[in-house]
Structure formats: C-alpha cells, structure tokens
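> The lines below spell out each chain.
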Amino acid sequence: DAGITQSPRHKVTETGTPVTLRCHQTENHRYMYWYRQDPGHGLRLIHYSYGVKDTDKGEVSDGYSVSRSKTEDFLLTLESATSSQTSVYFCAISDLAGGPDTQYFGPGTRLTVL
Amino acid sequence: AQTVTQSQPEMSVQEAETVTLSCTYDTSENNYYLFWYKQPPSRQMILVIRQEAYKQQNATENRFSVNFQKAAKSFSLKISDSQLGDTAMYFCAFMKHGNYGGSQGNLIFGKGTKLSVKP
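Top to bottom, those sequences are chains A and B. Note that my numbering gives residue 43 to position 43 of the first sequence, counting from 1, and the numbers run on in steps of one. Each position in the second sequence, counted from 1, maps to that position plus 114 in my numbering.
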C-alpha cells in the first residue's frame, strides 16, 4: 500500500471557521491531488500539485486553497467553511515510476460543517 | 469534456457467482487510461484494475477482468467467484494520456455502483 496519511480523519467545525486538512506521503511522489466525495457525485478534483510550490485548480476549487512547501505534504485549506463543504476529502498521489499515472488514495477525512 | 456513466446504481450477486458492472464514457481523446476502484465500507479507495486504451488485450487481475470495447466506449468489470469481501462501491474512472500530472492527470469518476454479495 502507498504510504499516504491524512489528518485529521474526522472533523466537525462551524460555518465561517478556517479549516486545514493535511496529506502526508512517504513515497516521494511528485504529483498530489485533493478530491471530494459527495453522494451521487463520485469523486471530484479540487486542486492538484505537480511539484513543490506548483499547484493548480481542479473542477471544484471555489472556496479552497492549497499549499505544498515540501514534497511530502499537501495542505488543503477552507478559508471560511460553509455547510456545502461538508464532505469526505481524499488525497491521492501518483508518479510516473509507477507506470501510467495510477493514483493511490489516502484513507479520507470526513468533514462536517455545522 | 470527458464524462463517465455507470448506469447501475446498485447490484447484488450470490456468493461464488459472476457479476458484471457496466461503465461507459465519452471522450474525443484517442489515448487514455481507464480504471476501476473499489470502495468498501472502510471508505478506502482501492485500485482494482487498469486498462491502457492503446492495448487491445483486456486487463485481468485474478478474479477481476474487464471487457474493453474502445469503439463503443465501454469498459465493464467482471467479478468471478464473488466473495463476501467484494461487497463495496465500485467506481469507474477515466484519465487522459499525455502530460502526466496537471489537468491531464485528473481522474474523472462515475457515480459508482453499490455491489452487495449475498451468502
């Protein structure tokens, strides 16, 4: 299994508060991704990173920001959480060395915004 | 834009029998990858099988195999000798080939099929 951890695993917060989710990998993979999973939608890409300090937006990036100051960590920040951001958040990693860009997922973080 | 459609929201199968999950996709790309991921109640996303579009041979991983029909844009998953541990949500996903990482590394997921294996 790919060495990916996410923290926290569960979080309950209130509307308007800032929240930061952390993804940590021990695989030294170049690419990292944040997805959210909602009922009836599968997984949708929020932001991704293709190297340290190199990030870009995905399909559902509004209300989210990311940072990657070192290879192993990719942070997702909700500047002011809203109830629509209640979701399960998954981090994924990939690297060319593993073959055709196969993504491996972390265990997920369940976020509830009240 | 690419889309992935899984037309079966739920399915059930008896233990030891065979079941096929359907997936269709829409793309104008010629080179791409297709994946099946499994999500058991633990919520972990687990790669089941992967298919490169340029390969005509269908991918196989133990009890899991695919029927890849490129012209029809169809990518079904067959599970043989179903086991209780196969109970999970199954997601079909698409990725464009090319510039690895970046937007072309983005997986496009279907909405999933919930599979229940009954004893």
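If you're looking for bench data, these hints aren't it; they were derived computationally from the structure. Treat the hints with care, as some may be off.
Claimed, not checked - Restricting the straight-line Cα-Cα distance to at most 25 angstroms, the calculated cross-link-like pairs of lysine to any residue (SDA-like) are:
id, chain 1, residue 1, chain 2, residue 2
1, B, K210, A, L78
2, B, K225, B, M203
3, B, K225, A, E59
4, B, K228, A, L78
5, B, K184, A, R9
6, A, K57, A, L78
7, B, K228, A, R9
Predicted model only: the values in this text are computed from it and were never measured.
> Next, verify each hint and record whether it holds.
So, going through the hints one by one against the coordinates:
no. : hint             : verdict
1   : B:K210 to A:L78  : violated (29 angstroms)
2   : B:K225 to B:M203 : holds (9 angstroms)
3   : B:K225 to A:E59  : holds (15 angstroms)
4   : B:K228 to A:L78  : violated (30 angstroms)
5   : B:K184 to A:R9   : violated (39 angstroms)
6   : A:K57 to A:L78   : holds (14 angstroms)
7   : B:K228 to A:R9   : holds (23 angstroms)
Figure legend: structure checked against the earlier numbered hints; hints not met, in rising order: 1, 4 and 5.
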